[in-house]
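Chemist: If you read the protein sequences in the order shown, they are chains Z and L. If you use my numbering, the first sequence corresponds to residues 1 to 221, in order. If you use my numbering, the second sequence corresponds to residues 1 to 244, in order.
To be clear, the hints were calculated from the coordinates, so they are not data collected in a lab. Backbone N, C-alpha and C define an ideal beta-carbon position, used for all residues, glycine too. Please note that a few of the clues may not be correct.
Unchecked claim - Here are the in silico distance ranges between beta carbons for each label pair:
#, chain 1, residue 1, chain 2, residue 2, range
1, Z, P89, L, V72, 38 to 46 angstroms
2, L, P83, Z, T79, 46 to 54 angstroms
3, Z, N45, L, W115, 34 to 42 angstroms
4, Z, G154, L, L30, 19 to 27 angstroms
5, L, W80, Z, I186, 47 to 55 angstroms
6, Z, T79, L, D147, 41 to 49 angstroms
7, Z, A30, L, S237, 51 to 59 angstroms
8, Z, G154, L, V38, 37 to 45 angstroms
9, L, R220, Z, L38, 38 to 46 angstroms
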Amino acid sequence: MTVFAAVLKRDLSLAIRQSADTFTVLAFFAIATVLFPLGIGPETNTLARIASGVLWVSALLAALLSLDRIFAVDFEDGTLDQLVLCGEPLVFVVLAKTAAHWLTTGLPLIILSPVLAVTLHLPAQGYGALLLALFLGTPTVSLIGAVGAALVLGSRRGGVLLSFLVLPLYVPILIFGTLSVEAAIIGVSTKATLALLGALALFAVTLAPWAAAAALRQAAE
Amino acid sequence: MHRFANPTTFMRIANAVFPWAAGLAVVLFLAGLPIALVTSPPDYQQGDTVRLFYIHVPSAWISLLVYGSMAVSSAAFLIWRHPMANVSARAIAPMGATFTGLALITGMLWGQPMWGTFWVWDARLTSFLLLFFLYLGYIALADAFEDPERGDKAAAILAVVGSVNLPIIHFSVEWWNTLHQPSIVKMGGFTVDGSILLPLFLMLGAFTCYTVAVWVLRLRAELLAVKLRNARMSEVSLSRMPAE
């Protein structure tokens, strides 16, 4: 576990010193969301109807843009080779890096989302479910994203390829995330969809780090 | 299993299978296509559009079968470093993508007269579209590296990860109440009339034999491509020797 704490601490302090990365992701989230009212028109009812979907899609795209940060820099400067060679379980390294990615991307996105929801006229009943769904869903986004980011290390056209690999796997999160918000808006229980989001997160946390570790090992060979 | 790690042994068996699979595919297509497209009776509700179904169901079946075989052989490649498993997965992936595309297109053509729309966002259609993207991602990832061995391993991991989609596709029509009809073949019986089953099973057999036959051809091509690359590499390294 010491390797988990050490990698987490290192990645967090790196992220704090290069906080521009986090701000770029948040700025992308805000701009992508703001494009929808401009493209669709400002009618309150239309916007309220699509608000949860727009927020989820923009959040997924913003997270996607930040995925290459998880491993790419360490891969280029050779840190990753050292982490693979150091003999500590690579799964904990992956978990620590994913946790750092969530803390510096997922969490800020959650904090920003209610502000953007206001501009989209999300009905008041939806806010609690939106925050809770994002809170349960974004860790899965980071975990699946870590697998994709590890797979494309060192490839040609890595960025486009990454979206190709990861976005199809994000679909269940998107579906249950928006369903939770919509259920809350029409006054139905959100328990089922939120439980499914939680199940996805547990499923991902048990399996994704192993897949990402396997991908890192072959990338570092 | 490791006996088949030798490409020569593996290909001896694959080559022995080839004429049978190819011959059977020709016979089944010759028998099945006229029945499916001409002589079988039109459905009492769907009319002649039911004939699309004889292409649609086998295509969907092949696309799942191919993904299953890709996932299993990718796992074998990752766990036991079985060298032929990966060549096989690589060889069969484009066929899976093609049949997934065919299943989607025939489904859309059938949906327009029957459901009144080419596309609905129900669980079966969406999960099948995701399968199509997974195939494309697999093919793109396998080709994305300078070093082909890295592409092999990365794509194998993706194939194993993506296999979580298979049960979702299979059970989507039972878990969710969707527009797409449930499976026609169930444990202990069929939910459709016998006049539909004969052409359907002929076509299922024909598609499966065709896939096996083309898989052997593509295996040969993949192995030749590897040989060609190795020959070129050694040629380059030999021609550089005197200069050093």
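Chemist: Okay, T79 (chain Z) versus D147 (chain L) on CB: inside 41 to 49 angstroms?
Modeler: Since T79 (chain Z) and D147 (chain L) have Cβ atoms about 21 angstroms apart, the given range 41 to 49 angstroms is violated.
Chemist: Hint says 38 to 46 angstroms; check whether the CB-CB distance for R220 (chain L) and L38 (chain Z) agrees.
Modeler: Violated: the Cβ-Cβ distance is about 55 angstroms, outside 38 to 46 angstroms.
Chemist: Is the distance from the Cβ of W80 (chain L) to the Cβ of I186 (chain Z) consistent with 47 to 55 angstroms?
Modeler: holds (52 angstroms)
Chemist: Go ahead and decide if the range 46 to 54 angstroms is satisfied by the Cβ distance of P83 (chain L) to T79 (chain Z).
Modeler: Hint violated: Cβ distance 31 angstroms, outside 46 to 54 angstroms.
Chemist: Is it true that the C-beta distance of P89 (chain Z) to V72 (chain L) lies inside 38 to 46 angstroms, as the hint says?
Modeler: violated (27 angstroms)
Chemist: Does the beta carbon distance between N45 (chain Z) and W115 (chain L) stay inside 34 to 42 angstroms, or does it fall outside?
Modeler: violated (28 angstroms)
Chemist: Taking 19 to 27 angstroms as the hint, is the beta-carbon distance of G154 (chain Z) and L30 (chain L) inside that range?
Modeler: violated (49 angstroms)
Chemist: Measuring from beta carbon to beta carbon, are A30 (chain Z) and S237 (chain L) in 51 to 59 angstroms?
Modeler: holds (54 angstroms)
Chemist: Falls inside 37 to 45 angstroms, the C-beta gap from G154 (chain Z) to V38 (chain L)?
Modeler: Roughly 54 angstroms apart at Cβ, these two residues miss the hinted range, so it is violated.
In the structure shown, a violation is registered for the earlier hints numbered 1, 2, 3, 4, 6, 8 and 9, in ascending order.
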